[in-house]
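Undergrad: Okay, here's what each chain looks like letter by letter:
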Amino acid sequence: MMKGFFGQFGGAYVAETLMGNLEQLEQQYEQLKDDAQFRSEIAQLLNEFVGRPTPLTPLRKMSKDTGGAKIYLKREDLTHTGAHKINNALAQAVLAKRMGKHRIVAETGAGQHGVAVATACSLLGLECVVYMGALDAERQAPNVQRMKLLGADLRLVHIGQRTLKDAISEAIRDWITNVRETHYLLGSAVGPHPFPTMVRDFQSVIGEETKSQILQLENRLPDCVIACVGGGSNAIGMFSPFIEHEEVRLIGVQAAGEGIETTHHASPLIKGSLGIFQGVYTYILQNADGHIQETHSIAPGLDYPGAGPQHSHLKNTGRAEYAYIDDREALEAFEYLCREEGILPALESSHAVAHALKVAKTMTEDQILVVNLSGRGDKDLSQAIEALERMNKEEVSIR
Amino acid sequence: MNRIQVTFDQLKQTGEKALIPYIPVGYPALETTEELIRTICESGADLLELGVPNGDPLADGPTIQAASTQAIANGTTLRYCIQVVQRLRQSGLDLPIIFMGYCNSFLAYGLESFARDAKNAGVDGLIIPDLPSTMAGPWVDIFRQHEIDLIFFLAPTTSEERAASVVEQGTGFVYCISVTGVTGARDELPEELPQFISQAREATSLPLCVGFGISTPKHVAEVSQYADGVIVGSALLQVINHAPKDQMHTKVREYVSSLKEATISAASSTR
Ligand SMILES: Cc1ncc(COP(=O)(O)O)c(C=O)c1O
Chain A
1 MMKGFFGQFG GAYVAETLMG NLEQLEQQYE QLKDDAQFRS EIAQLLNEFV GRPTPLTPLR
61 KMSKDTGGAK IYLKREDLTH TGAHKINNAL AQAVLAKRMG KHRIVAETGA GQHGVAVATA
121 CSLLGLECVV YMGALDAERQ APNVQRMKLL GADLRLVHIG QRTLKDAISE AIRDWITNVR
181 ETHYLLGSAV GPHPFPTMVR DFQSVIGEET KSQILQLENR LPDCVIACVG GGSNAIGMFS
241 PFIEHEEVRL IGVQAAGEGI ETTHHASPLI KGSLGIFQGV YTYILQNADG HIQETHSIAP
301 GLDYPGAGPQ HSHLKNTGRA EYAYIDDREA LEAFEYLCRE EGILPALESS HAVAHALKVA
361 KTMTEDQILV VNLSGRGDKD LSQAIEALER MNKEEVSIR
Chain B
1 MNRIQVTFDQ LKQTGEKALI PYIPVGYPAL ETTEELIRTI CESGADLLEL GVPNGDPLAD
61 GPTIQAASTQ AIANGTTLRY CIQVVQRLRQ SGLDLPIIFM GYCNSFLAYG LESFARDAKN
121 AGVDGLIIPD LPSTMAGPWV DIFRQHEIDL IFFLAPTTSE ERAASVVEQG TGFVYCISVT
181 GVTGARDELP EELPQFISQA REATSLPLCV GFGISTPKHV AEVSQYADGV IVGSALLQVI
241 NHAPKDQMHT KVREYVSSLK EATISAASST R
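For the record, the sequence lines run as chains A and B.
First residue of the first sequence? That's 1 in my numbering, and the numbers climb one at a time after it.
First residue of the second sequence? That's 1 in my numbering, and the numbers climb one at a time after it.
Just so you know, the hints here were simulated from the structure itself, not pulled from any lab data.
None of these values were measured; they are calculated from a predicted model.
Taking beta-carbon pairs under 10 Å as the criterion, some of the chain B residues facing chain A (in silico):
id : residue
1  : LEU78
2  : LEU107
3  : PRO132
4  : MET135
5  : PRO156
For every residue, glycine included, the Cβ atom is placed at its ideal position computed from N, Cα and C.
Based on the sequences and whatever the hints tell you, model everything.
TA: This is the structure in C-alpha cells:
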C-alpha cells in the first residue's frame, strides 16, 4: 500500500495542505508517463531545443595517464543551458502545463536548475519563481544574471545557512501557500513521493543514451559508471538503465568538502544516518537531536545534507558504491580536464572526474569506464580560479 | 479518559470554546520558559501547545521560524522539553499538554522511548505537521499504545478521501488549517472558513480546532461561533517580542485573557 518507497526509504512527509497536490501529481504522472503523445512531445523538445542526444566523448589523454582503461565522458555539459537539469525541468514543465498549473516554483543551488526552469518557463509561457540561497547567489553570479534575463522572479533566501536546503524550504513554503495554482518543480531526485521517481525517470535519458552509445561503440556494456551525487538526479538518471546489469559497477561520488573527517562536508551517504528531512526518509546529516548539520562543498549543487531515497536503497543493498572527493581533489580534476582534454567541467561534475582518475588506475586496458559530466563550468570560473590560486599559494608556502 | 477529552467535554457543558496558545519551549530564554508557560496557562489557556523547536520548520512562517531558531540556540532539545513538562506537572499544572514538533525530532529520540518518556512526564498529545495521516501507520500504533493522542490536520485542500483517513487515524481533536499557507499572524480570516468547518463537521465527531493566522480577540470570537477551539501561535509570539522586557508577563496576561474572554462571549451569544 505504501507507495513511493525504495526498500525502507522514501515516502511523503509533508504538510497535509500539500498532500492533495502530490496525489494529483502522482496520478497525472502515472497516466502520462506511458502516453505516446506526452512522450513524443518531450522527446521532440529534448532533440530540437536541448540538443539531445549528447555525445559520448572518449578521453584518450586521461586514459593514457591512468594506465589504459577506456574512459568515456557523457556530455551533459553540451545540453542547452549547460547541465543535465534541463532534462527534468522541461519534462516537469510540460507536465505542469498539462495539469493546468500556470505558476512554477523552484529552488536552485548552483543555479543550473534555476536557469533550466527559467528557460523551460520562458519556452512554455509559464510564470516562474526561483528561490536561491543568498550565499549560493554570491558564488554563482553568472547564473543569477541568466535567470533574471530569462524572466524569472528570483528570490534570495537569507535564512539558515543560505544554501540549497534553505532554498528548498522556502520554495516548499511558497508551494504550501499557493498550492492550487502552483507546481513545485523540484530539481533533484529528493523530496516527497512522487519526485524521486519522476525526476529519475526524466533523467534516465542520460543512461539510456549512454547504454545504446556504448553498445554501438564497444559492443558491450561498461565495466564501471561514475557520477556525482548531490541530491542524486544526474547519478540516478545515469545508473537507472544499468541497475539490472549486475556486472556494471555503479559509483556515486559525494562532496567531502574540507575533508570527510571534518564537520565541513556534504556526504550523507558516507557519514549520514537515517531520518526524515524535506519530505523524505533517507540518509541525512544530522546531530543527536535530529537537527540538520551544516554542510560544505565548493560545489553548490552538491552542498546538501540529504540523499535521494533510491541512492540510500542502492547503498544499503550494495548495488551501488558511494565514494567521496574533497574540494581540493575536485579543483585539481577541474584543472586537469581543462588542460588535458579541453573540457571545462562544472565543479559538481569535477567530483566525478576526480574519482574516475582514481578508479581508472585500478582498471585494466580492456575495461571501460563511463563518467557522467553533469554540467559545464562557466558558472564556476571566478570561484574556481580564485580557489586554485589560493591552493597553489598554500602549496608554495608549505614548501 | 485522558485530559484532552475531559477538557473538551467540560467546555462543552459550560458552552465555552477552547483556547490553545502555542509557544516553543525555551523561548525567548531557557531560564524563564517555565514561568512564561505558567503565565500563559494561568491567563486562560484551556490546552497548551508546546513547540519542540526544529531548525527547518517547513510549515512555519517567519515568526515561528525565528523563535525556533532562537530556542535551539538557547539549548532546547526534545529531552529538555520533556523535562519541562515533568516540572510543570510537578508544580501542579493539570491542563492538557500537546507537543508540536517535526517528525525528525521524534525519530532521532526513538519513537518508542519518546512515547514512554513523554507519557510519564505528562504529555497528552502530539501535533506533527510533516506527518500526514496516510504516512502515519507505524506512529499511530506506537502512540496509541502509550495513550498519547496523535492530532492530524484538515486543510482546505484535503479531499473527502483524505479526510476519512485523518479521522480514522486521529484522536483528541482535529486541527483545521484556516488557510492554504504556513503559520503566521494575519489580518483577516478567510471567507470560506465557516463552510470549511461545517464540511469538517460532517466528516468527524472529534472536536474541531482552528489554527494558522488567528491573531485577535475578534478572530477568536468569530471562529468560536462555529469551531470548538482556536490555536494562537505567531500572534502570541509577536506580543512577547514587542513587549518591553519588564512588562512581558503583563502583556502576555492581558493578551491571553482577552482571547479567552472572546471564546466565552462568543459562545454565550450563540446560545
Ligand atoms: C552541474 C551539476 N551537477 C550535479 C548537480 C547535483 O545535483 P544532482 O545530484 O541532483 O545531479 C548539480 C546541481 O545543481 C549541478 O548543477
